[in-house]
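The residues making up each chain are set out below.
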Amino acid sequence: MTGKHGNKVVPSVQEALAPLRDGMTILVGGFGLSGNAEALIRGVVERGVGDLTLVSNNAGNLGKGLATWLKAGIIRKVICSYIGANEDLHTRMASGEVEVEITPQGTLSERMRAAGAGIPAFYTPTGVGTVVEQGKEVKEIDGRRYLLERALHGDVALVRAAVSDRFGNLRFWRTARNFNPVMASAAKLTIAECDKLVDNGGIDPDDVHCAGIFVHRVVHVPEHENAFEYKTTRKRP
Amino acid sequence: MTFSTEDMARRAAREIPAGSIVNLGIGLPTQVADYLPEGHAWLHSENGLLGMGPFPYEGDEDPNLINAGKQTVTVLPGGSTFDSATSFAMIRGGHVDMAILGAMQVSCGGDLANWAVPNGKVMGIGGAMDLASGARRVIAMMQHTTKKGEFKLVQRCDYPLTATRVVSLVITELGVFEPTGHGFRVIELAPGITREKAEAATGAPLT
Numbered sequence: 493m494t495g496k497h498g499n500k501v502v503p504s505v506q507e508a509l510a511p512l513r514d515g516m517t518i519l520v521g522g523f524g525l526s527g528n529a530e531a532l533i534r535g536v537v538e539r540g541v542g543d544l545t546l547v548s549n550n551a552g553n554l555g556k557g558l559a560t561w562l563k564a565g566i567i568r569k570v571i572c573s574y575i576g577a578n579e580d581l582h583t584r585m586a587s588g589e590v591e592v593e594i595t596p597q598g599t600l601s602e603r604m605r606a607a608g609a610g611i612p613a614f615y616t617p618t619g620v621g622t623v624v625e626q627g628k629e630v631k632e633i634d635g636r637r638y639l640l641e642r643a644l645h646g647d648v649a650l651v652r653a654a655v656s657d658r659f660g661n662l663r664f665w666r667t668a669r670n671f672n673p674v675m676a677s678a679a680k681l682t683i684a685e686c687d688k689l690v691d692n693g694g695i696d697p698d699d700v701h702c703a704g705i706f707v708h709r710v711v712h713v714p715e716h717e718n719a720f721e722y723k724t725t726r727k728r729p
Numbered sequence: 002m003t004f005s006t007e008d009m010a011r012r013a014a015r016e017i018p019a020g021s022i023v024n025l026g027i028g029l030p031t032q033v034a035d036y037l038p039e040g041h042a043w044l045h046s047e048n049g050l051l052g053m054g055p056f057p058y059e060g061d062e063d064p065n066l067i068n069a070g071k072q073t074v075t076v077l078p079g080g081s082t083f084d085s086a087t088s089f090a091m092i093r094g095g096h097v098d099m100a101i102l103g104a105m106q107v108s109c110g111g112d113l114a115n116w117a118v119p120n121g122k123v124m125g126i127g128g129a130m131d132l133a134s135g136a137r138r139v140i141a142m143m144q145h146t147t148k149k150g151e152f153k154l155v156q157r158c159d160y161p162l163t164a165t166r167v168v169s170l171v172i173t174e175l176g177v178f179e180p181t182g183h184g185f186r187v188i189e190l191a192p193g194i195t196r197e198k199a200e201a202a203t204g205a206p207l208t
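Protein sequences, first through last, are from chains A and B. Residues in the first sequence are numbered from 493 upward in steps of one, following the numbering used here. Residues in the second sequence are numbered from 2 upward in steps of one, following the numbering used here.
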């Protein structure tokens, strides 16, 4: 099958990332280092594009994941919800090298959900009466105040799935799902990195978490680091 | 004697009705889970998990099964995982019964400041604003004053706000207090803490 939804499986990360250009807005799934498209993230640095706007909840942590984009100096702007212990972002924000737009996490995910669903903007109660309200339309509906937040589109989304079929139907594992499905829906070109690739029919249609209509390229990467951020355990009884 | 953090966590756990959905903020509130009877409530974690269980046994950790503080956790039978937009629909849509959150300042009008220190390093907002404005009931768990002795229960917050008029109860090492609009109503005091002592540590009238 040819066409946009024909052959989606590409043999290499570099081939998958060939359409990237300087200045693009890239949505990258993951909550911290969990659910990161590790090979695609590495591949973007090797690809040699720059001046990127990165949309991600955290922009890496502990020097890993998207922190490597910060170290490579390929990011102009970050739209995220949380910086926390990400020193690579703190230093570049302080020096002015990278512009940072901090958005409440639920607003960040809903802005991309709206983008993927064809909704240009929406009213939300989150952020009313705070700095997030600055420069935004405020509307009272049924006695409560809401902010108008705009949809957030990406040129490219890089997502990570546990399983993909050849059409790009995706299944995720545990909390690695996080932003991946909404980001997949909000970009013109979505590239999925999967741990396991199966033939069409290998995922039951009722078990698909993200329908392949939102995915344009699939790259099979069997090995992942899956780094821990904070390994917390209890003693066995 | 003041409440220990364990006492505070135990006291906060008593506020959680059986069969409710609760989100525990990062830091101090996370400890509340240790004092909930098994099967008492469902814990929600905004990164996409409902039915969160305790930390895994050594050797069972999964880097892709974490809480909002990015700590490895477990999922209980009956639990579910979902994407971020769905997770925040649960919060914003009023499906989460209670959020117990850390706080830097709470005003007597129930305003909450818990995400940034003026002129300090910006850590980010994360899910704090969505939880504060979306959860049905918000309880703040905090130290009563700063390390320098500055008031944290105040007439009006001067730290950047997280949400306005949302906090219904404040639990500190000195006691339990309810913002009333004009001051803080004393619900209970820690053993040996006098009203005068609590008053001296509070930046708004105790009522």
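These are calculated hints, taken from the structure and not from any lab test. What you are looking at is a predicted structure, and each value in this text was computed from that prediction instead of being measured. A hint or two may mislead.
[What the hints assert, rightly or not] Restricting the straight-line Cα-Cα distance to at most 30 angstroms, the calculated cross-link-like pairs of lysine-lysine (DSS-like) are:
#, chain 1, residue 1, chain 2, residue 2
1, A, K723, B, K122
2, A, K563, B, K198
3, A, K556, A, K680
4, B, K148, B, K122
5, A, K569, B, K148
6, A, K631, A, K556
7, A, K569, A, K628
8, A, K496, A, K723
9, B, K122, A, K628
10, A, K723, A, K688
11, A, K680, A, K496
12, B, K122, B, K149
13, A, K556, B, K122
14, B, K198, B, K149
15, B, K198, B, K148
Hint check:
A C-alpha spacing of about 25 angstroms is found between A/K723 and B/K122, which places the hinted pair at or below 30 angstroms, so the restraint holds. For the given pair, A/K563 sits about 51 angstroms from B/K198 by alpha-carbon distance, which is inconsistent with the 30 angstroms threshold. Between A/K556 and A/K680, the direct Cα distance comes to roughly 27 angstroms. Compliance with the 30 angstroms bound is thereby established for this hinted pair. Note on B/K148 and B/K122: the hinted pairing holds, with a Cα-Cα distance of about 18 angstroms set against a maximum of 30 angstroms.
Of the pairs offered as hints, the one joining A/K569 and B/K148 is violated, with about 36 angstroms between alpha carbons and a cut-off of 30 angstroms exceeded. For the hint pairing A/K631 with A/K556, the CA-to-CA distance comes to about 41 angstroms; that exceeds 30 angstroms, so the pair is violated. For the given pair, A/K569 sits about 20 angstroms from A/K628 by alpha-carbon distance, which is consistent with the 30 angstroms threshold. Between A/K496 and A/K723 the alpha-carbon distance is near 41 angstroms, which puts this suggested pair outside the 30 angstroms criterion.
For the hint linking B/K122 to A/K628, the alpha-carbon distance of about 25 angstroms falls within 30 angstroms, and the restraint holds. Taking the CA atoms of A/K723 and A/K688, the gap is about 25 angstroms. The hint holds against a cut of 30 angstroms. Taking the CA atoms of A/K680 and A/K496, the gap is about 11 angstroms. The hint holds against a cut of 30 angstroms. The hinted pair formed by B/K122 and B/K149 meets the criterion: a straight-line CA distance of about 18 angstroms does not exceed 30 angstroms.
Simply put, A/K556 and B/K122 have alpha-carbon atoms about 21 angstroms apart, close enough for the 30 angstroms limit, and the pair holds. Pair hint B/K198 plus B/K149 holds up; C-alpha atoms about 16 angstroms apart against a cutoff of 30 angstroms. At most 30 angstroms may separate the alpha-carbon atoms for a hinted pair to count; B/K198 and B/K148 meet this at roughly 16 angstroms.
This entry does not satisfy hints 2, 5, 6, 8, going by the numbered hints stated previously.
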